[in-house]
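Protein chains in written order, with the UniProt record's numbering: chain G, 1 to 352; chain P, 1 to 479.
Bear in mind the hints are in silico, worked out from the structure with no lab data behind them. Note that beta-carbon positions come from the ideal geometry of N, C-alpha and C, so glycine has one too. Where hints are given, some of them may not hold.
Claimed, not checked - Below, simulated BS3-like cross-link-like pairs (lysine-lysine); rule was C-alpha separation at most 25 Å, straight line:
#, chain 1, residue 1, chain 2, residue 2
1, G, LYS322, P, LYS412
2, P, LYS122, P, LYS458
3, P, LYS51, P, LYS176
4, P, LYS208, P, LYS51
5, G, LYS322, P, LYS122
6, P, LYS51, P, LYS317
7, P, LYS208, P, LYS451
8, P, LYS244, P, LYS290
9, G, LYS293, P, LYS51
10, P, LYS122, P, LYS176
11, P, LYS412, P, LYS207
12, P, LYS458, G, LYS40
Unchecked claim - Reference listing, derived: stretches of chain G covered by chain P, where coverage requires no fewer than 3 residues with Cβ under 8 Å from a Cβ of chain P:
#, stretch
13, 51–63
14, 100–110
15, 143–152
16, 183–192
17, 264–274
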Amino acid sequence: MELTTVWFVLIAVLWTGYFCLEGFDFGVGMLFPVLGTTEKRRRVLLNTIGPVWDGNEVWLITAGGATFAAFPHWYATMFSGFYLPLLLILVALIVRALGFEYRHKRNDDTWRQRWDWMIIAGSVVVPFIWGVTFTNIVRGIPINADREFTGSVLTLLNPAALFGGLALVAVCLLHGLLFVALKTDGEIRSDARTLAGRIGWVAVAAAAVLLVVLGLDSGSVASWIMTALAAVALVAALLLNARDREGLAFTGTFLAIGLAVASLFVMLFPDVMPSSTNAAWSLTVDNAASSHKTLGIMTWVGVLFLPIVLLYQGFTYWTFRKRITTEHIPPAHDERDWAPRRDRSPSEGAGV
Amino acid sequence: MNVDLARWQFAVTTVYHFLFVPVTIGLSAFVAGFHTVYLRTRNPAHLRLSKFLGKLFTINFGLGLVTGIVQEFQFGMNWSDYSRFVGDIFGAPLAIEALLAFFLESTFLGLWIFGWGRIPEKLHVACIWIVHIGTLLSAYFILAANSFMQHPVGYRINPETGRAELTDFVAVLTNKVQMVTFPHTAFASYMCGAAVVLGACMWHIHKKHVADDLPMYRTGARVGAIALLVAGAGVAISGDFQGKVMTEVQPMKMAAAEALYETQDSAPFSILTVSSLNGEQEKVAITVPKLLSFLGTGSFDGTIHGINDLEAQYQAKYQQAELTSSPSYTPTLPLTYWSFRMMIGIGMSSCAVALLALWTLRRRNDAPARSRWWPWLVGFVAVAPVLGNAFGWIFTETGRQPWLVFGLFTTKSGVSPGVSTAEVATSLITFTLLYAVLAVIEVRLTLRYAKAGAEPLKDPPDTPSDSSSDDSQPLQFAY
């Protein structure tokens, strides 16, 4: 296999890993207002993903870095072309991550509510914009002979792309529900299961419509097979959920997202950024790639270290494998009396 | 216009990001160190210090991580032509950083934070050490990428594609600029971590909240002060080597650091100059004879090239090539001159405070530590090394201008051609406002946790549990 193809596959793997893993923590974030009816329940939700969300996000950073190294032109065209959407993603990722990190740092309701909103907004906005972005990439965007994006932000907000955004949000929501059902116990577990049964079909329908629309445009035999398998996995997930098989149900959405993302990359290949202006101006694995020297070195690094990463991330999931319930949640982080009263500045306690 | 806005954005986001990076690198070593010592001594004070510093660490790590993503995306968003030109070389260290370092840091930090009572103690301590190693690896690869911009090696220009292509990756990773920059930055980061430890502990000695805790804070302060001084010596020595390499590969930067216009043998080092900085009117100058020559060349009689000579040389050398021409090859002098002095001055002052703290503690007489002016010193020493770091970066990055890759690629040719001024302005304003709000939150949280001090230990102290027996026990740590 050509090195350029190897790297196309590796980048597809990184994005797939990203959506399979961070997909469920986006879902958990979206569920805050739905399942998090009490403070204890919100903390249960938060702690199901507490030790792992940060590691999940690194899949994105690695996907970005690998694209830069292996396909500099892809990286340059995509990141400058999707300027404002990516700006929004960055802002959403920042406030969402800090919501996880800072929410528990003060025992103050106003403080917590504000961070809750950051978590919810961030968890919806990021997958929505990734959905918009990837739908646009697969369908093609206006790119000129100099490999520059020539449209505007309005070009990117076409109906199909917006639908792609909604579909990804719906799938992440389902993925998150099944994760919560798998990782918790008691009331919150049965609530998650019931809700997954109710809204799951919306996610299945949305994902199916999106993949068929994209497939009609640029599908191949391989991509149709993957799409079909993804649909089977998603339906199986819902059926298994109805039979209380949460572990298998979550595996189902995990596979479905993986197959769906993989099918998008199969539809793309050998293009990486198809030009809707002129097919001759499309960025392909060949004309967007780095030199063979760089790809060769990167291949060694990737082949040696990606398995190690999988190993220790797997260890984290194994370590924190127990179900969490409201009983496991210790009292709020700073219920002890803080610094002696005379040291408190007047601004404290008012929230920020 | 786009160049200016994109540069401002890079400056704002980088300096901000780099406020948290050195603190994270340095502090993780102290968290790991105290945790390890606890394992050997079973002295609860060491565990309390480790957990206390761990909280300050996570607050800073959070912001460092998210602002780091902005840095990665920004190359493609604002500097797409630069990304196309050097992606073959520059992208690799970035990708390797993510794969080797970021995954380690974030995964093992999660294990350390949530792992109390869940994983065997030794493995638990190993987790925080792995986090620390991850931060160092991160620094290494990012600095390797930056060193390529200061002194490009291991590449050739492909005449067909007009871009730089990798010929020798080992040369990129062992760039002579990198060999001096990495130790310099690592030591400077340890200074930052030590300063936080020293500052936080000195404050508690000053306040004397719980008299029983005084020995613990004294230990912390002493460790912080000694580490600050050792790291400070490391910074000075590595900085001296760096000065010589810089004089060799970027003579203009050394000349700009001193605002030295005429080439001189036995050049003096200027501590302070009040003048127009354009070489015409010098009103007051305090100088150390021959020191600049020594810093730059290792000999008191060495030749330091002046700005005028270098400018003429560069004009002749580069003006021909269409790709790399620039109206001037001299960086903004007040910026380089003052940031260089602030870097050195602030760094040295923090060492002076550390000495003073050590002296105070040695006499076992805390009277000076409880005087009214002490908190000001504490406040200064806690942030001084971070500021020194920031000025160091401002110096080294602005001193390279007008080049993006020295001698190869100018800054103005690197911006994204397809991005509008309105878009860059939007993101510049967005990041500036967002970062300002986050700074307020971060500072308040850090102060709050620093003032709260080390938590008393639960009884029994954090014994690792048998994995099966206590399923309904509350978690030892939860968000």
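Results for each hint:
For the suggested pair LYS322 (chain G) and LYS412 (chain P), the alpha carbons sit about 55 Å apart, so the restraint of at most 25 Å is broken. Of the supplied pair hints, the one linking LYS122 (chain P) and LYS458 (chain P) holds, its CA atoms being roughly 20 Å apart against a limit of 25 Å. Straight-line distance between C-alpha atoms of LYS51 (chain P) and LYS176 (chain P) comes to about 39 Å, which puts the hinted pair past the 25 Å bound. For the proposed pair LYS208 (chain P) and LYS51 (chain P), the alpha carbon gap of about 20 Å is at most 25 Å, so the pair holds.
As the CA atoms of LYS322 (chain G) and LYS122 (chain P) are separated by approximately 22 Å, the hinted pair is consistent with the 25 Å bound. Restraint check for LYS51 (chain P) and LYS317 (chain P): the C-alpha separation of about 57 Å exceeds 25 Å, so the hint is violated. Between LYS208 (chain P) and LYS451 (chain P) the CA atoms are separated by roughly 11 Å; this keeps the pair inside 25 Å, and the hint holds. Restraint check for LYS244 (chain P) and LYS290 (chain P): the C-alpha separation of about 15 Å stays at or below 25 Å, so the hint holds.
Distance restraint check for LYS293 (chain G) and LYS51 (chain P): the Cα-Cα separation of roughly 46 Å exceeds the 25 Å cut-off, and the hinted pair is therefore not satisfied. With a CA separation close to 38 Å, the supplied pair LYS122 (chain P) and LYS176 (chain P) exceeds the 25 Å bound. For the suggested pair LYS412 (chain P) and LYS207 (chain P), the alpha carbons sit about 53 Å apart, so the restraint of at most 25 Å is broken. The hinted pair formed by LYS458 (chain P) and LYS40 (chain G) meets the criterion: a straight-line CA distance of about 22 Å does not exceed 25 Å.
Coverage of a stretch by a chain is defined here by at least three residues with a beta carbon nearer than 8 Å to that chain's beta carbons; for the stretch 51–63 of chain G and chain P the count is 9, and the condition holds. Counting residues of the stretch 100–110 of chain G whose CB falls under 8 Å from any CB of chain P gives 7; the rule of at least 3 is met. Check result for the stretch 143–152 of chain G against chain P: holds, 5 residues qualifying (beta carbon to beta carbon below 8 Å, three or more required). A stretch counts as covered by a chain when three or more of its residues have a beta carbon under 8 Å from one of that chain; for the stretch 183–192 of chain G and chain P the count is 0, and the coverage is violated.
Proximity of the stretch 264–274 of chain G to chain P, defined as three or more residues with a beta carbon under 8 Å from a beta carbon of that chain, is not established by the 0 residues found.
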